[in-house]
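Colleague: The task is to assemble the complex, starting from two chains supplied on their own in separate frames and drawing on the hints.
Residue numbers (my numbering), protein chains in the order written: chain A, 1 to 273; chain B, 274 to 565.
Because the hints were derived from the structure by calculation, they are not lab data. Glycine is no exception: its CB is placed at the ideal position from the N, C-alpha and C atoms. Treat the hints loosely; a few may be bogus.
As the list claims (entries may be wrong) - In silico lysine to aspartate or glutamate, EDC-like type, Cα no more than 20 Å apart, as pairs:
(1) B:K331 x B:D316
(2) B:K347 x B:D335
(3) A:K177 x B:E284
(4) B:K532 x B:D401
(5) B:K532 x B:E284
(6) A:K95 x A:D163
(7) A:K188 x A:E171
(8) A:K95 x A:D36
(9) B:K281 x A:E171
(10) A:K177 x A:D163
(11) A:K95 x B:E284
(12) B:K532 x B:D327
(13) B:K525 x B:D335
(14) A:K95 x A:E169
(15) B:K418 x B:D401
(16) B:K281 x A:D132
(17) B:K281 x A:D163
(18) A:K123 x B:D401
(19) B:K525 x B:E284
(20) B:K281 x A:E169
To be verified - Reference excerpt, derived from the structure (chain A facing chain B, CB under 7 Å, subset only):
(21) A24
(22) L26
(23) L83
(24) L96
(25) I106
(26) G109
(27) Y117
(28) T244
(29) P250
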Amino acid sequence: MRSKNTLLSGAMIAVTVIWLSPMAFLLMNALKNAADYSRGPLLLPSTFNLFHNIANAWAQGIQGGFINSLLYGAVSSVLAVLLAAFAAFGIVRMKLPRALGWFLFIYSGTIFPLQMYLIPLFKSYIALGIYDTKFGLFAFYTAICIPFATFVMRGFFLTVPWDIQEAAEMEGASSWKIFWYIMMPLAKAPFLMLTLVQFTWVWNDLLFGMVLVRSPQARSVQVALLGMLSLYGQADAPTIITATLIVSLPTLLLFLLLQKHFVRGLALGATGN
Amino acid sequence: MPSLSSRKQREAYLYIAPAALMVGTFLILPMFYTTALSFSSWDGMTAPHFVGLDNFFKLVTDANFLHPLANTLKWMILGVVLPVGLGFFFAYAISGLKGARIMQVCIYIPATISASAAGIVFGFVLRDQGALNILLQSIGLGMLKVNWLYVQPYNTYAMIGAYTWQATGINVMIFLVGLQGLPKEPLEAARLDGANAWTFTTQIVIPMLMPYVVIASLLAVINSFKVFDTIWVMTGGGPARMSETLAVTMYKEGFANFKMGYASAVAVVISLLSLVFSYFYMRNMLSRESQI
Chain A
1 MRSKNTLLSG
11 AMIAVTVIWL
21 SPMAFLLMNA
31 LKNAADYSRG
41 PLLLPSTFNL
51 FHNIANAWAQ
61 GIQGGFINSL
71 LYGAVSSVLA
81 VLLAAFAAFG
91 IVRMKLPRAL
101 GWFLFIYSGT
111 IFPLQMYLIP
121 LFKSYIALGI
131 YDTKFGLFAF
141 YTAICIPFAT
151 FVMRGFFLTV
161 PWDIQEAAEM
171 EGASSWKIFW
181 YIMMPLAKAP
191 FLMLTLVQFT
201 WVWNDLLFGM
211 VLVRSPQARS
221 VQVALLGMLS
231 LYGQADAPTI
241 ITATLIVSLP
251 TLLLFLLLQK
261 HFVRGLALGA
271 TGN
Chain B
274 MPSLSSRKQR
284 EAYLYIAPAA
294 LMVGTFLILP
304 MFYTTALSFS
314 SWDGMTAPHF
324 VGLDNFFKLV
334 TDANFLHPLA
344 NTLKWMILGV
354 VLPVGLGFFF
364 AYAISGLKGA
374 RIMQVCIYIP
384 ATISASAAGI
394 VFGFVLRDQG
404 ALNILLQSIG
414 LGMLKVNWLY
424 VQPYNTYAMI
434 GAYTWQATGI
444 NVMIFLVGLQ
454 GLPKEPLEAA
464 RLDGANAWTF
474 TTQIVIPMLM
484 PYVVIASLLA
494 VINSFKVFDT
504 IWVMTGGGPA
514 RMSETLAVTM
524 YKEGFANFKM
534 GYASAVAVVI
544 SLLSLVFSYF
554 YMRNMLSRES
564 QI
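Just chain B, with the same shape it has in the complex (with noise of 0.2 Å):
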């Protein structure tokens, strides 16, 4: 008869199997599958065949990879910066308020929705006879009025600013956790040491805040490289591709130019991307769990 505890492994690897055998047949194995593709030239129909590093030395001269690139690190910079900036003011300012409750959980409703539906409202709001620009004639603003979905640089900064609608909230959430736990001693110390509002915000308690912001940061740049649907709903990337960012550009050379082993070559760069930043938020988030 079998040790209890020989027994009670082959039982765990019994509850293991289902997830590990879903995660590596739909997630795990395409990961590698299109790795491999990214060394071949592929129309879809035929077979593919062995390119070697081709794509990648295509890729370094192409401008419809160049420019989103350009376009994702914009995304990426402004994708960090003004939600978890926003999320730090919205949380630092509402906490302890009356009410703080009901303008967190009102500051979260945008990102409860898809993105496809907040890239259709601000469609409405953003197009040339749209909301915004009728707002700017009535209020005697007129001169600024742009077609802000078909002119460059405006229409990337316009879809960030969608997106960054969605993606406060959960800085938002996350912040507020951060300030519930700070230690209350050398907050009070601090102000009755008299240090006003700036400096008690700057050297105190944002220091001490810094494992939230990391960790939001972290997050929020591996969340802007997989932005697809607000820049596929709101301009298609366009107009001429020029507001594509790379996630757009891997689905329109797999999808519609049908050059499946370039398209995957753009994901193994989005991957290498960001997996430098995955990789710190894995080991952050392990680490924190270590300490309980």
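Same shape as in the complex, but just chain A (with noise of 0.2 Å):
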């Protein structure tokens, strides 16, 4: 059995390996110079050109995509994991009227291609003044987020023991001390997970950055990326693909760092339990 073991573990290691082999093409490409690439993109790097194609990179045009995005990222997860916990507590806690009607209508945001939407926000930004501004993508990936984040909130708190907010009823807390004072506090692993889904959400989107901004002052992460490959005959290969690995980064890191949080996470926001 022990030898069965170690075979298969060696076996999965090779598999692991491989199939992480697409990363370390990145990795090992965004050290060369265009002449060292041009010699073949599977041969080991002969010069480190790192931290030219960094600059090279960021200086095209990633900067400011990156900074909007962490902005975006930030804001707009915690602003909706926020709201989405208000929703939650309102539906769980509070004894909302057809509270699963109101439920259904926030998780409803979960279900239709992103296509539906596309049009009429593309439309009304233009008519509001809103279109290709910052405070335009803002709300809409805070709206975005709510209805999955809502949907996890909704089952941390329908699994809170009632005899903590009896208590606290009962000594006259309102429910806003409740909610601040005892839900939060118990609440930090989801919280905390659900802002790093989202936030990887919105680092990665490409699509509603197409449509909702065209500017460079507003522009996403992954538009800015993109925007490099159009740009094709003045930045090299190196320096796009150093530009992928840039944009690839925080959300890497964020997983790596946090994995406990995401492991559990992810596998609970699919399977629900």
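Modeller: Dropping the structure here:
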């Protein structure tokens, strides 16, 4: 049995390494300069041009998008999860009439394909003067993150024992106090997990960045990355590859640093138990 | 003075109002508006005019719709079979192994980067003079070289491959949760009865994991309809619109050809296709939750 497990372990380590080889390809070619890359993308680097590539990628458009999307991701995810926590608290803990109907109204925001939102948002954003503004993207990203977060927070609040809340109510605590001093300290783990998942969603979004903004001032990071491809004549392959690496790092690092929360949360979110 | 419970109910509305308003304004209203637009002809400039079901009649004879529809079904089938199948394989193989945790994290890594970033990396690997063809040449398999992103149907399969690389991670997570939750006794009993590995897996483990297979597959179908970025970055739907899926078609008709009524009709078709699966997914999730 033991030797069989060792064999399987070895095989799976090999499979995992092959699985990650595109990441290795990315890292390896980010180190090269253009001449080194053109010798062959599979050859080990013979130059160390990483810092130069980073400076190039940063200057050729990644910079603005990177900072914008950090803000979009951080503000929208925290705000959305907070609003979702309020909603879930109202639905589960405050005995809202027709609670299931309200929940389904909010949760229905997860079931339609994103294509259903594009044209009306584009047109009304122009009409309202928020097309091509940071405010427009902040608002949309917050809205799109709420439904799933409400689903998870509702599931969490259903599990909180009622006697804590009843004891606090007996002592005359307001619902506002109960939310902030009893529920939120208990909900730290789902709150963190949801913020991570929604930050990643916003950071990785391409479609709404393409449709709702145009100018470099408000551009999201994925749109900025794609912009480098169309500049292909000017940006060499290692610069584009390095830009891809830079754009991938925040979500990759968040996952690796906080994987405990991610791993539990993702399976939880997908299976609902 | 109002009773305590009616005051509490009024307060409850205050808690739910911001979320409901945001979702209503940015998601539900646009959804209804797109549905209404699908019955109109609109260039985006002049006022839309009502054309009834014309857009939908046009769709069924339009090669620029039927071909993407066929591609979408290809994506749907392979986008379930490959990520869910590989996800089960990985989870089953590593579960219980030393280092399972690290392998699980490694297999999930591709899912953390954006589809655009992955599309760019695979673009460099799969282009005509790219890494894959160089590799094939150097190991003596030069006759297998293909211009992967340019030739039908390889471009669609190549992109499904890149997608699978990213979509497998979540299924590994789902199946590991499922495997950890399996009751030990029936598994032990089957082992003692001397069931071989294949019988054990297909007759005992997979049937017991069925609820997880169902939820992973439904989720995978729903996600396969959403794919846009991978295709947009890797082929742009081309050449000659041959690798488009409906999500890309909708974007092109609306934002490149300015046929916004027609594009809305395409969006409605995508919705109808995915709603069937979303319905079962949501029902499954909510019934599962009510068992807690």
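Colleague: Evaluate each hint against the coordinates.
Modeller: Status of the hints after comparison with the structure:
1. B:K331 x B:D316: holds (16 Å)
2. B:K347 x B:D335: holds (19 Å)
3. A:K177 x B:E284: holds (13 Å)
4. B:K532 x B:D401: violated (34 Å)
5. B:K532 x B:E284: violated (45 Å)
6. A:K95 x A:D163: Status holds; Cα separation ~15 Å.
7. A:K188 x A:E171: violated (24 Å)
8. A:K95 x A:D36: violated (66 Å)
9. B:K281 x A:E171: OK: B:K281 and A:E171 at ~16 Å, within 20 Å.
10. A:K177 x A:D163: Holds, at roughly 16 Å.
11. A:K95 x B:E284: holds (10 Å)
12. B:K532 x B:D327: Measuring from Cα to Cα gives roughly 13 Å; hence the hint holds.
13. B:K525 x B:D335: holds (14 Å)
14. A:K95 x A:E169: Holds, because 14 Å separates the two Cα atoms, which is no more than 20 Å.
15. B:K418 x B:D401: Holds - the C-alpha atoms of B:D401 and B:K418 are around 8 Å apart, at most 20 Å.
16. B:K281 x A:D132: Violated - the C-alpha atoms of A:D132 and B:K281 are around 41 Å apart, more than 20 Å.
17. B:K281 x A:D163: holds (17 Å)
18. A:K123 x B:D401: violated (40 Å)
19. B:K525 x B:E284: Measuring from Cα to Cα gives roughly 46 Å; hence the hint is violated.
20. B:K281 x A:E169: holds (11 Å)
21. A24: Where the cut-off is 7 Å and the nearest Cβ of chain B is about 10 Å from A:A24, the hint is violated.
22. L26: holds (5 Å)
23. L83: holds (5 Å)
24. L96: Holds, because the Cβ-Cβ distance from A:L96 to chain B comes to roughly 4 Å (cut-off 7 Å).
25. I106: holds (5 Å)
26. G109: Check passed: Cβ of A:G109 comes within 4 Å of chain B, closer than 7 Å.
27. Y117: holds (4 Å)
28. T244: For A:T244, the interface hint holds, since the closest Cβ of chain B sits about 5 Å away, which is under 7 Å.
29. P250: Cβ of A:P250 sits 9 Å from chain B, so the hint is violated.
In this structure, the earlier hints numbered 4, 5, 7, 8, 16, 18, 19, 21 and 29 are contradicted, and the remaining ones agree with it.
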